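Q: Modelling step: build the complete structure from the supplied sequences, incorporating the hints.
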Amino acid sequence: MPLVELAAIWKSFGQNPVLKGIDLTVEEGQVIAMIGRSGSGKSTLLRSINGLERIDDGTILIDGEKIGSKDADLRTLRLQVGMVFQQFNLFPHLSARENVMLAPMVVKKASRKAAGALADAMLAKVGLSDRAGHYPDQLSGGQQQRVAIARSLAMEPRVLLCDEVTSALDPELVNEVLAVVRQLAKEGMTLIMVTHEMRFAREVCDKLVFMHQGRIHEEGSPAELFSAPKTPELAQFIGLVEAAG
Amino acid sequence: MAYQFDFGSLWEYRGVIADGVGLTIRLTAVGTVAGVGLGIAGAFARTSRSPALKAAVGAYVEFIRNTPFLIQLFFIFFGLPVLGVKLSEWQAASLAMVVNLAAYSTEIIRAGIQAVPKGQIEAAEALAMSRLQIFRHVILGPAMRKVWPALSSQIVIVMLGSSVCSQIAAEELTYAANFIQSRNFRAFEVYFVSTGLYLILAVGLRALLKLVGWSLFRRRRHV
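Chains as they are written, first to last, in the numbering used here: chain S, 17 to 261; chain C, 14 to 236.
Hints may be right or wrong, so weigh each one.
When the alpha-carbon atoms are kept at most 20 Å apart in a straight line, the in silico EDC-like pairs for lysine to aspartate or glutamate are as follows [as the list claims (entries may be wrong)]: (1) C:K131 <-> S:D87; (2) S:K36 <-> S:E249; (3) S:K202 <-> S:D222; (4) S:K86 <-> S:D153; (5) C:K131 <-> S:D222; (6) S:K82 <-> S:E21; (7) C:K159 <-> S:D153; (8) S:K86 <-> C:E135; (9) S:K36 <-> S:D73; (10) S:K129 <-> S:D153; (11) S:K124 <-> S:D89; (12) S:K124 <-> C:E135; (13) C:K131 <-> S:E192; (14) S:K124 <-> S:E172; (15) S:K129 <-> S:E180; (16) S:K202 <-> S:E43; (17) S:K82 <-> S:D72; (18) S:K202 <-> S:E192; (19) C:K131 <-> S:E43.
What follows is a list of derived Cβ distance ranges for each label pair [as the list claims (entries may be wrong)]: (20) C:A65 <-> S:R70: 36 to 44 Å; (21) S:R174 <-> C:Q127: 29 to 37 Å; (22) S:K202 <-> C:V46: 51 to 59 Å; (23) S:D89 <-> C:A54: 26 to 34 Å; (24) C:K131 <-> S:A23: 28 to 36 Å; (25) C:A65 <-> S:A23: 32 to 40 Å; (26) S:K124 <-> C:R78: 39 to 47 Å; (27) C:G226 <-> S:K124: 25 to 33 Å; (28) S:E81 <-> C:K131: 47 to 55 Å; (29) C:A65 <-> S:G74: 27 to 35 Å; (30) S:G236 <-> C:G50: 53 to 61 Å; (31) S:N32 <-> C:P94: 53 to 61 Å; (32) C:S101 <-> S:E81: 56 to 64 Å.
Worth flagging that the hints you see were computed from the coordinates, not collected in a lab. None of the values given here were measured: they were computed from a predicted structure. Beta carbons are placed, not taken as given, at the ideal position from N, Cα and C, and that holds for glycine.
A: Encoded structure:
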């Protein structure tokens, strides 16, 4: 049974349809990258998977269970599906360690001690043990993003969604974040990411999904898609990216 | 100028003045704690998805902000007894202070809430936090920190506004001053001294609020 199953997902912003019947399955342990031009719907699709965007039609199954649109259902969903954002979105009034501790304490009612130990373990995992007491504005973008990843991992999600996690970073900080993501993939974490890092997607992903005008236009292994794109749109997109990169 | 200043004549009323200052402080304390507390609740209600609740709180805020404090006080003290709600001077004055500050602080805190970046709220949602949990742990602290100076000013305004409570014979500082003046006709001396006392109270209150803000919002250095 697939871990995540999306069927016939439709979503419009006002009169403007952005997702037009998306079907996608993700197996446990798979690493999937969604690529495509801006406006193709890939971020909206990612945000729909954990209910930050409410879909108009279609079904989302996590581990075979259908997710409704009530608040309680969404919270059950979000316990399974973590998310890391382009803009990090750390809580500015909390230290790195407290950022990681908050949700386990508040949502899972972990004791301060247990949450602290968990936070230390997660910060060690992203290589930031020495920054635990720092506040977000005292950290570089790359460090903030690694704290954000640690914060998501502390909730022990079964899937992690990554929404352009390196797009807001200075070029020299991109690799430290990608290294953490790569490590997660190696450990068997199920990952769905929207990315513009084509080389990374090619190396790390099991499956590539090319989105175009609100639909999945092509999907397959990175080797297939990059070496032999079937549609002119993907060929053109790859050409554009490679010319730019 | 023929007038002979005689501040000494106030000495025999020192007890009355001290009681007046005491009541002004108590009114302010009750008004601040309950008013800001209700303001936080009101601001949370205004972020609610229920249009009825939002509209109700909005109407309350606008009603209080667009009517004079003295009329609100008269309504509570002279108007409500008609409905069978009889309050003492102290109760009516406290209630008026709370109701008034709650409305202003709802509005001030709401501005702080709106300044919290949406992304932080989404991040908290993605961590499976509930609306109340997000409000309490993610929104409230940064919001209060942002609006604390504005809120402090409003608290000082309400403290000074408590002077109006003399009109229902709540025996606060202004009532004490009026009382003494009616006895010894030393208007200049009495109001000079009470003005000075209000000044000291206001400056002291500002300093106190600054300290409270500092201790609430300072960064805790622990690893």
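Q: Work down the list of hints and note, for each, if the structure agrees.
A: Here is how each hint holds up against the structure:
no. : hint                          : result
1   : C:K131 <-> S:D87              : holds, 18 Å
2   : S:K36 <-> S:E249              : holds, 17 Å
3   : S:K202 <-> S:D222             : holds, 11 Å
4   : S:K86 <-> S:D153              : violated, 35 Å
5   : C:K131 <-> S:D222             : violated, 33 Å
6   : S:K82 <-> S:E21               : holds, 9 Å
7   : C:K159 <-> S:D153             : holds, 16 Å
8   : S:K86 <-> C:E135              : holds, 17 Å
9   : S:K36 <-> S:D73               : holds, 10 Å
10  : S:K129 <-> S:D153             : violated, 25 Å
11  : S:K124 <-> S:D89              : holds, 16 Å
12  : S:K124 <-> C:E135             : holds, 18 Å
13  : C:K131 <-> S:E192             : violated, 26 Å
14  : S:K124 <-> S:E172             : holds, 11 Å
15  : S:K129 <-> S:E180             : violated, 33 Å
16  : S:K202 <-> S:E43              : holds, 15 Å
17  : S:K82 <-> S:D72               : holds, 15 Å
18  : S:K202 <-> S:E192             : holds, 15 Å
19  : C:K131 <-> S:E43              : violated, 31 Å
20  : C:A65 <-> S:R70: 36 to 44 Å   : violated, 22 Å
21  : S:R174 <-> C:Q127: 29 to 37 Å : holds, 35 Å
22  : S:K202 <-> C:V46: 51 to 59 Å  : holds, 54 Å
23  : S:D89 <-> C:A54: 26 to 34 Å   : holds, 27 Å
24  : C:K131 <-> S:A23: 28 to 36 Å  : holds, 29 Å
25  : C:A65 <-> S:A23: 32 to 40 Å   : holds, 36 Å
26  : S:K124 <-> C:R78: 39 to 47 Å  : holds, 42 Å
27  : C:G226 <-> S:K124: 25 to 33 Å : holds, 32 Å
28  : S:E81 <-> C:K131: 47 to 55 Å  : violated, 29 Å
29  : C:A65 <-> S:G74: 27 to 35 Å   : holds, 31 Å
30  : S:G236 <-> C:G50: 53 to 61 Å  : holds, 59 Å
31  : S:N32 <-> C:P94: 53 to 61 Å   : holds, 59 Å
32  : C:S101 <-> S:E81: 56 to 64 Å  : holds, 59 Å
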